[in-house]
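Q: In the order they appear, the protein sequences are chains X and L.
The first sequence begins at 12 in my numbering and counts up by one.
The second sequence begins at 276 in my numbering and counts up by one.
Keep in mind the hints are simulated off the structure, nothing from the lab.
Where hints are given, some of them may not hold.
Keeping only pairs whose Cα atoms sit at most 30 Å apart, straight-line, the calculated DSSO-like set for lysine-lysine is [as the list claims (entries may be wrong)]:
#1 K368/L - K61/X
#2 K288/L - K266/X
#3 K293/L - K248/X
#4 K96/X - K284/L
#5 K46/X - K293/L
#6 K195/X - K293/L
#7 K284/L - K248/X
#8 K195/X - K288/L
#9 K195/X - K284/L
#10 K156/X - K16/X
#11 K293/L - K157/X
#12 K293/L - K266/X
#13 K368/L - K156/X
#14 K247/X - K288/L
#15 K156/X - K284/L
#16 K96/X - K293/L
#17 K156/X - K382/L
#18 K266/X - K382/L
#19 K266/X - K369/L
#20 K157/X - K368/L
#21 K284/L - K222/X
#22 K46/X - K369/L
#23 K156/X - K293/L
#24 K247/X - K221/X
#25 K284/L - K247/X
#26 K157/X - K288/L
#27 K61/X - K369/L
#28 K46/X - K266/X
#29 K266/X - K368/L
#30 K382/L - K195/X
#31 K156/X - K288/L
#32 K382/L - K331/X
#33 K222/X - K368/L
#34 K18/X - K288/X
Now the stretches of chain X that chain L is said to cover, found in silico as 3 or more residues with beta-carbon under 8 Å [unchecked claim]:
#35 154 to 160
#36 175 to 185
Quick reminder that beta carbons are idealized off the backbone N, C-alpha and C, glycines included.
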Amino acid sequence: MLTLKFKNAYIQDWFSIAGFEENNGLLTDVNLYLKDYYYGESTLEDAEVKMQRTVLNNLRSKHDFEVVIGGDLSNQLGIMNISMKEYPISFLGIYNACATFCEGLLLGANLLTSGNAQTTCVLTSSHNLTSERQFRFPVEYGAMKKSYTTSTTTAAVGCILSNAPTNIKIVSATIGSVTDYGIKDVYNMGAVMAPAAAKVIHEHLVNEHKKIADYDVILTGDLGTLGVEILCELYKKEYNENLNNLSDAGSLLYKSNQNKYTGGSGPSVLPLVFFNKILKSKKNKRILLVATGALHNPTLVNQKNAIPSIAHAVEIEVLK
Amino acid sequence: MSYQELVNKLTPKENIYKNGVIAFLSGGVIGAISEILGRCFGPEMMLVIWIVLAGILTGLGVFDSIVEHFKMGVIIPITGFSHSLTSASLEYKKEGLVTGIGANCFKLAGSVILYGIISATILAGIRGVLCLL
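Next comes chain X alone, as it looks inside the complex (with noise of 0.2 Å):
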């Protein structure tokens, strides 16, 4: 795989949104929480394309940024789609399903890197009812769930990179692989996920020369509870390691009696609670951001294929 290294790569600010059930849940400073699903919209999709104008609308009105990357869950990307054709600012949308973050991080550095550009801002969002429209059943059909499965966050992040020194600095990203480890199951997707994770995590250690204890955490992202539990497991068995040090995102969001599963999901996983949660706790110097990606097609699952799976990671240091 592919290792990056930046120079002159630095996190500036960034803005989130989340909706009221992380409200309730156990994220408690994110800049803005919506009351209901709707956001004041008609319907489930502008509310998401307002959740992103949102976003982009504070940042704009701090920074000045040359390029937006970002991508959402949406077919076609078509709520980022939406939202971008109000600014006119230069537009790569990503997908990645929920590595979409990490991508929109490694691609935003590199083009600091090259010098091409002095100010970048990486975007995503995810809602739950519009992916629970997409890829399950109608929002208001009851169909059971299975325990172990995630739930999607809705959440918009926006984040602004630049080459201007910050004490956030991103050091280096590896580029995932497409792994297909032959899970079906569209309920599982820690399962789906896990061995990507633990392939980029190993890989990025052999190529940076680090070891595990090199990092205060390793932030995945939506693995939820049983996908974190698979993925130490399976690192163990394939690198005969223990991955002491592995936070998920997802399983951080939501109270236990939120019937959320075993946690939440979606591209804007990660970033809520590395911005909100992770580098607000002073502890953590040396990260690294695991974003995890289930390359999920109904079509291709119905037609019995397996779903495969991605994952990027980006290490961040906290200068003092």
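Start from chain X and add chain L according to the hints.
A: What follows is chain L alone, placed relative to chain X:
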């Protein structure tokens, strides 16, 4: 141990016996009430009452939580059929009468209708043959 075995080992199993008992009891309660309704208003009205009731409860957004508690007991009877039609229609309302509701309201219920008709035809055929013998 293959990866699939590792996953199977760690994934919690659903308690099908508990779910089955809940579904049996909740479905049974619906059946018992239907018997009373059928005797009072006739079988057709009994069906209409359940269909309308499930439709309204879906529209109010409470039927999905009823399913969560009462499991398949409320999905297998005609209440589930009505629920699938109403929820799909609500979902695609914004996409227009023809391309939205028209094209999608039988998305979930379509299989029930198709295979219901096919199995009814086969069973009626068998019964017809048996009667001739």
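Q: Each of the hints needs a verdict: does it hold here or not?
A: Here is how each hint holds up against the structure:
Under the criterion of a C-alpha separation no larger than 30 Å, the hint pairing K368/L with K61/X is consistent with the structure, at around 21 Å. Distance check on the hinted pair: K288/L and K266/X sit about 22 Å apart at the alpha-carbon level, within 30 Å; holds. Pair hint K293/L plus K248/X does not hold up; C-alpha atoms about 35 Å apart against a cutoff of 30 Å. The suggested pairing of K96/X with K284/L is violated, with an alpha-carbon distance near 48 Å, which exceeds 30 Å.
Between K46/X and K293/L, the direct Cα distance comes to roughly 36 Å. Violation of the 30 Å bound is thereby established for this hinted pair. Between K195/X and K293/L, the direct Cα distance comes to roughly 25 Å. Compliance with the 30 Å bound is thereby established for this hinted pair. Restraint check: the Cα-Cα separation between K284/L and K248/X comes to about 14 Å, which is no more than 30 Å; the hinted pair holds. A distance of roughly 16 Å separates the Cα atoms of K195/X and K288/L; the hinted pair therefore holds under the 30 Å criterion.
A threshold of 30 Å between alpha carbons decides the hint, and for K195/X with K284/L the separation of about 16 Å falls inside it, so the pair holds. With a CA separation close to 42 Å, the supplied pair K156/X and K16/X exceeds the 30 Å bound. Pair hint K293/L plus K157/X holds up; C-alpha atoms about 14 Å apart against a cutoff of 30 Å. With a C-alpha separation of about 25 Å, the suggested pairing of K293/L with K266/X holds against the 30 Å cut-off.
Taken as a hint, the K368/L and K156/X pair is honoured in the structure, with Cα atoms around 25 Å apart against an allowance of 30 Å. Between K247/X and K288/L the CA atoms are separated by roughly 24 Å; this keeps the pair inside 30 Å, and the hint holds. Among the hinted pairs, K156/X with K284/L is consistent with the structure: their alpha-carbon atoms are about 19 Å apart, no more than 30 Å. Taking the CA atoms of K96/X and K293/L, the gap is near 52 Å; set against the 30 Å cutoff, the hint is violated.
Distance hint between K156/X and K382/L is fulfilled; the C-alpha atoms sit about 19 Å from each other, no more than 30 Å. Straight-line distance between C-alpha atoms of K266/X and K382/L comes to about 34 Å, which puts the hinted pair past the 30 Å bound. A hinted pair counts as satisfied when its Cα atoms are at most 30 Å apart, and K266/X with K369/L does not qualify at roughly 34 Å. Simply put, K157/X and K368/L have alpha-carbon atoms about 28 Å apart, close enough for the 30 Å limit, and the pair holds.
Taking the CA atoms of K284/L and K222/X, the gap is near 29 Å; set against the 30 Å cutoff, the hint holds. Restraint check for K46/X and K369/L: the C-alpha separation of about 22 Å stays at or below 30 Å, so the hint holds. The straight-line distance between the Cα atoms of K156/X and K293/L is roughly 15 Å, inside the 30 Å bound, and the hint therefore holds. In summary, the hint linking K247/X to K221/X is supported, as the alpha carbons are separated by about 17 Å, within the 30 Å threshold.
Of the pairs offered as hints, the one joining K284/L and K247/X holds, with about 15 Å between alpha carbons and a cut-off of 30 Å not exceeded. Restraint check for K157/X and K288/L: the C-alpha separation of about 9 Å stays at or below 30 Å, so the hint holds. Taken as a hint, the K61/X and K369/L pair is honoured in the structure, with Cα atoms around 18 Å apart against an allowance of 30 Å. Annotation: proposed proximity of K46/X to K266/X holds, straight-line Cα distance about 18 Å (limit 30 Å).
For the given pair, K266/X sits about 34 Å from K368/L by alpha-carbon distance, which is inconsistent with the 30 Å threshold. Between K382/L and K195/X the CA atoms are separated by roughly 22 Å; this keeps the pair inside 30 Å, and the hint holds. Between K156/X and K288/L, the direct Cα distance comes to roughly 12 Å. Compliance with the 30 Å bound is thereby established for this hinted pair. Distance check on the hinted pair: K382/L and K331/X sit about 57 Å apart at the alpha-carbon level, beyond 30 Å; violated.
Proposed proximity of K222/X and K368/L is contradicted: the alpha carbons are some 54 Å apart, above 30 Å. For the hint linking K18/X to K288/X, the alpha-carbon distance of about 26 Å falls within 30 Å, and the restraint holds. For the segment 154 to 160 of chain X, the proposed coverage by chain L is satisfied: 5 residues have a C-beta within less than 8 Å of a C-beta in that chain, meeting the threshold of three. Counting residues of the segment 175 to 185 of chain X whose beta carbon lies closer than 8 Å to any beta carbon of chain L gives 0, which falls short of the minimum of three for the stated coverage.
Comparing the model with each earlier hint shows violations of hints 3, 4, 5, 10, 16, 18, 19, 29, 32, 33 and 36; every other hint is respected.
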